[in-house]
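Protein sequences, first through last, are from chains A and B.
Taking the working numbering, I'd label the letters of the first sequence as residues 1 to 255.
Taking the working numbering, I'd label the letters of the second sequence as residues 1 to 255.
Note that these hints are calculated values from the structure, not bench results.
Misleading hints may appear alongside valid ones.
Identical copies go unnamed one by one, so any copy, or any two together, can satisfy a pair.
[Stated by the list, open to error] Listed below are the simulated PhoX-like cross-link pairs for lysine-lysine, each with C-alpha atoms no more than 25 Å apart in a straight line:
| hint | residue 1 | residue 2 |
| --- | --- | --- |
| 1 | 154 | 179 |
| 2 | 159 | 251 |
| 3 | 154 | 3 |
| 4 | 162 | 194 |
| 5 | 197 | 162 |
| 6 | 214 | 162 |
| 7 | 90 | 214 |
| 8 | 4 | 162 |
| 9 | 179 | 65 |
| 10 | 251 | 173 |
| 11 | 149 | 175 |
| 12 | 197 | 214 |
| 13 | 61 | 197 |
| 14 | 192 | 65 |
| 15 | 251 | 162 |
| 16 | 192 | 159 |
| 17 | 4 | 149 |
| 18 | 194 | 90 |
| 19 | 192 | 179 |
| 20 | 61 | 175 |
| 21 | 214 | 173 |
Predicted model only: the values in this text are computed from it and were never measured.
2 protein chains.
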Amino acid sequence: MKKKLSILVSNDDGIDSTGILSLVYKLREIAEVTVVAPDRQQSAVGHSLTISSPLRITPFKRDGKMFGYSINGTPSDCVKIAISSILNVKPDIVIAGINHGQNTAINILYSGTVSAATEGMLSGIPSMAISLASHDLDADMTIAADYAKILALKLLDLKLPKDTFLNVNVPYKPKNDIKGIKIVHHSNTVWKDKYEKRNDPFGREYFWFSGEYKVNTDNEECDDVALNNDYVTVNPIHYNITNHSFISSLKNLEN
Amino acid sequence: MKKKLSILVSNDDGIDSTGILSLVYKLREIAEVTVVAPDRQQSAVGHSLTISSPLRITPFKRDGKMFGYSINGTPSDCVKIAISSILNVKPDIVIAGINHGQNTAINILYSGTVSAATEGMLSGIPSMAISLASHDLDADMTIAADYAKILALKLLDLKLPKDTFLNVNVPYKPKNDIKGIKIVHHSNTVWKDKYEKRNDPFGREYFWFSGEYKVNTDNEECDDVALNNDYVTVNPIHYNITNHSFISSLKNLEN
Numbered sequence: 001m002k003k004k005l006s007i008l009v010s011n012d013d014g015i016d017s018t019g020i021l022s023l024v025y026k027l028r029e030i031a032e033v034t035v036v037a038p039d040r041q042q043s044a045v046g047h048s049l050t051i052s053s054p055l056r057i058t059p060f061k062r063d064g065k066m067f068g069y070s071i072n073g074t075p076s077d078c079v080k081i082a083i084s085s086i087l088n089v090k091p092d093i094v095i096a097g098i099n100h101g102q103n104t105a106i107n108i109l110y111s112g113t114v115s116a117a118t119e120g121m122l123s124g125i126p127s128m129a130i131s132l133a134s135h136d137l138d139a140d141m142t143i144a145a146d147y148a149k150i151l152a153l154k155l156l157d158l159k160l161p162k163d164t165f166l167n168v169n170v171p172y173k174p175k176n177d178i179k180g181i182k183i184v185h186h187s188n189t190v191w192k193d194k195y196e197k198r199n200d201p202f203g204r205e206y207f208w209f210s211g212e213y214k215v216n217t218d219n220e221e222c223d224d225v226a227l228n229n230d231y232v233t234v235n236p237i238h239y240n241i242t243n244h245s246f247i248s249s250l251k252n253l254e255n
Numbered sequence: 001m002k003k004k005l006s007i008l009v010s011n012d013d014g015i016d017s018t019g020i021l022s023l024v025y026k027l028r029e030i031a032e033v034t035v036v037a038p039d040r041q042q043s044a045v046g047h048s049l050t051i052s053s054p055l056r057i058t059p060f061k062r063d064g065k066m067f068g069y070s071i072n073g074t075p076s077d078c079v080k081i082a083i084s085s086i087l088n089v090k091p092d093i094v095i096a097g098i099n100h101g102q103n104t105a106i107n108i109l110y111s112g113t114v115s116a117a118t119e120g121m122l123s124g125i126p127s128m129a130i131s132l133a134s135h136d137l138d139a140d141m142t143i144a145a146d147y148a149k150i151l152a153l154k155l156l157d158l159k160l161p162k163d164t165f166l167n168v169n170v171p172y173k174p175k176n177d178i179k180g181i182k183i184v185h186h187s188n189t190v191w192k193d194k195y196e197k198r199n200d201p202f203g204r205e206y207f208w209f210s211g212e213y214k215v216n217t218d219n220e221e222c223d224d225v226a227l228n229n230d231y232v233t234v235n236p237i238h239y240n241i242t243n244h245s246f247i248s249s250l251k252n253l254e255n
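Construct all of the structure, not just a fragment, from the sequences and the given hints.
Below, the structure written as structure tokens:
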């Protein structure tokens, strides 16, 4: 008998979010799914690790049934502790999501969801992050979950390089409006930083991030543009982050 | 009269660490220095942003004199809020450090110090992260501070590409043992994850990260190896993280 596919699922919106629920229910149609996710919202935590305090592993139920394990840590913590301390055998695949809100361009760097997939990849496991282009907490996750299943079934055949995982974004559109899958690279769009200055009830100043994100390109091969054009975008990410082409220009520093 | 160089300094060990103190005192010899740093230890926070809670900007004194501003946030928050809400004019340079402990290979991704330099670069400012290869909180920072000054003075002339900043690591060795500066790329060494299982005083299990880091290469052009060979390593980093060479292999997903 063929061994059932095993999938580790995590996210950054917390184990009780609707995004992870839709993902898990859909993936259970094709795999043995283990859920290890943060016990609370961890958006924009980037690649944080918890090293100065202890982590707890707590069984988490939904509708009276075991759903997974919640961790008092970050998405990266979850994937690390799942692979090293919860699972007896490495999973076949790691999938993080479904994130509420797209993870494109510079947001990839800030995203806890993407970091969870990164940790899967760093452990040598084919991995994928998946996000829906809607911040609405009640957004319908059905279509994104369908694409998660389609791509999960293909992930092992893709023969991803060992240092590469997939970052997937799904438009928040009716199924018939989605034009299909498009392979993209990220744009170099960044946030225009702004902080709103306010006063608390005691008259003391505080600041709240209120930056603006405006896509700086119309290149249809870029994640943001393709997503806005109703494509499901797939970006192969690796962290080969040395700017090799600039190394020779720096050589005179060595003298 | 030539305008004095202006430098924004941040870190991830907190505004009261000896690393940032040594850096600031040394840089004041050549520049107008503004310090905006986390109010507490923020190691391994990676590229975290604070978006769900308010930030406070608090003047911070040392020996009765104004030293800088402390922020109840992450290194990335500090650089963002400094440039957008504290400084009237963009600084000429952003320097993050001096970090207690090297930031090489995969640690670059987890490092708050490196993230602070990243934010400087994202704001279009020549930026640099600098770390000392010692976790000793009382480690002598003199030599690392000297290199920070040397490199700060050269940073504007390097004409770094807009998407690139420098990640610098300094060996913890006497001055005469240091062989000079070496331009490097990062290795692909990752942590071998392990969590120590313990019991709290109430008998409940908890887990503490206790991974192992073992350099997986002897390539002398790699950051870890060159650093262990007593070179000050300079790695030009960019976040062009799409694996472009794998895009064509994925094209059949589009059908």
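Results of checking the hints against the structure:
Taking the shortest Cα distances, residue 154 and residue 179 sit within 25 Å of each other inside one copy (19 Å), while across copies they are farther apart (50 Å). Taking the shortest Cα distances, residue 159 and residue 251 sit within 25 Å of each other only across copies (13 Å), while inside one copy they are farther apart (36 Å). In this homomeric assembly, residue 154 and residue 3 come within 25 Å of each other (Cα to Cα) only inside a single copy, at 16 Å, whereas the closest approach across copies is 59 Å. Only between protomers do residue 162 and residue 194 lie at most 25 Å apart by alpha-carbon distance; the minimum there is 21 Å, versus 38 Å within a single protomer.
With identical chains, the CA atoms of residue 197 and residue 162 are never at most 25 Å apart, being 45 Å at best within one copy and 29 Å at best between copies. Taking the closest pair of Cα atoms, residue 214 and residue 162 come within 25 Å of each other only across two copies (18 Å); inside a single copy the shortest separation is 33 Å, beyond that limit. Proximity of residue 90 to residue 214 under the C-alpha cut-off of 25 Å is restricted to the inter-copy arrangement: shortest distance 21 Å between copies versus 40 Å within a copy. Within a single copy, residue 4 and residue 162 get their C-alpha atoms as close as 23 Å, which meets the 25 Å cut-off; across copies the closest is 48 Å, which misses it.
When the C-alpha separation of residue 179 and residue 65 is checked against a cutoff of 25 Å, the pair qualifies neither within a copy, at 37 Å, nor between copies, at 61 Å. Taking identical chains as interchangeable, the C-alpha atoms of residue 251 and residue 173 lie at most 25 Å apart only when they sit on different chains, with a minimum of 23 Å there against 50 Å within one chain. When the C-alpha separation of residue 149 and residue 175 is checked against a cutoff of 25 Å, the pair qualifies only within one copy, where the shortest distance is 15 Å, while the shortest distance between copies is 57 Å. Proximity of residue 197 and residue 214 under a CA criterion of 25 Å is satisfied intra-copy only: 22 Å inside one chain copy versus 46 Å between copies.
Proximity of residue 61 and residue 197 under a CA criterion of 25 Å is satisfied inter-copy only: 23 Å between copies versus 41 Å inside one chain copy. Taking the shortest alpha-carbon separations for residue 192 and residue 65, neither the intra-copy value of 45 Å nor the inter-copy value of 33 Å comes in at or below 25 Å. With identical chains, the CA atoms of residue 251 and residue 162 are at most 25 Å apart between copies only, with a shortest distance of 19 Å across copies and 30 Å within one. For a Cα distance limit of 25 Å, the shortest separation of residue 192 from residue 159 across copies, 23 Å, qualifies, whereas the shortest one inside one copy, 37 Å, does not.
For the identical chains of this complex, residue 4 and residue 149 are intra-copy neighbours only, at 14 Å inside a copy versus 58 Å across copies, given an alpha-carbon limit of 25 Å. Within a single copy, residue 194 and residue 90 get their C-alpha atoms only as close as 43 Å, which misses the 25 Å cut-off; across copies the closest is 14 Å, which meets it. For the homomeric pair residue 192 and residue 179, neither the shortest alpha-carbon distance inside one copy (30 Å) nor that between copies (41 Å) is at most 25 Å. Taking identical chains as interchangeable, the C-alpha atoms of residue 61 and residue 175 are never at most 25 Å apart, the minima being 31 Å within one chain and 58 Å between chains.
For the homomeric pair residue 214 and residue 173, the shortest alpha-carbon distance inside one copy (20 Å) is at most 25 Å, but the shortest distance between copies (47 Å) is not.
Violated hints for the displayed structure, listed by number in ascending order: 5, 9, 14, 19, 20.
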